[in-house]
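*Asks:* Sequence:
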Amino acid sequence: MKKQIIVLAAAILLTIGNTFANKLNSDIPGRILNEFKKEFVQASNVNWETKATHYKVKFSLDEQNIEAFFSLEGNLLGVTRNMSFNHLPLHLQKDIKEKYVGYWITDLFELSTDNGTEYVITFENADEQISLKGMTMNWDIFKKTDKS
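Residue 79 in this note's numbering sits at position 79 of the sequence shown, and the numbers go up by one each step.
None of the hints are false.
Beta-carbon label-pair distances, calculated as ranges:
1) Pro89 x Arg31: 32 to 40 Å
2) Ala126 x Glu73: 41 to 49 Å
3) Asn86 x Asn47: 25 to 33 Å
Here are the simulated BS3-like pairs of lysine-lysine, each with C-alpha atoms no more than 30 Å apart in a straight line:
4) Lys133 x Lys94
5) Lys97 x Lys147
6) Lys56 x Lys144
7) Lys147 x Lys99
8) Lys37 x Lys56
If you are wondering where the hints come from, they were derived from the structure by calculation, not from laboratory data.
In this text the structure is predicted, and so the values were computed from the model without any measurement.
Glycine is no exception: its CB is placed at the ideal position from the N, C-alpha and C atoms.
Working from the sequences, and respecting the hints, build out all of it.
*Replies:* In structure tokens:
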């Protein structure tokens, strides 16, 4: 009897979860869903967010957590994925190691767009937080915040 109740409860939860997920997807225009399905055929664990200027979708693909961004018209704007410091190009690693001694990394991801691939890194120390963007040869500071 207990086993039947557990199985029934699990089935109800799965049904509610699928209904909720379908409701969330129903808020996304069909052209955007179609573009997503075309670009990311094997995607799983898909979660959509509607923003004022775009749609954001988080999903898993090939055992990686990925985010993609679509314009309101359905065009793919870019794709991000987290990465480890060791996967950065060697010259970008070297630059960070030389210029930012005493900082620790709080975020690092790869951003792929029609313009190419950029790397975005955020790190901090006790006094400040710095975010950099780098393409192939160097880093540019795009945000610096004092903690005081």
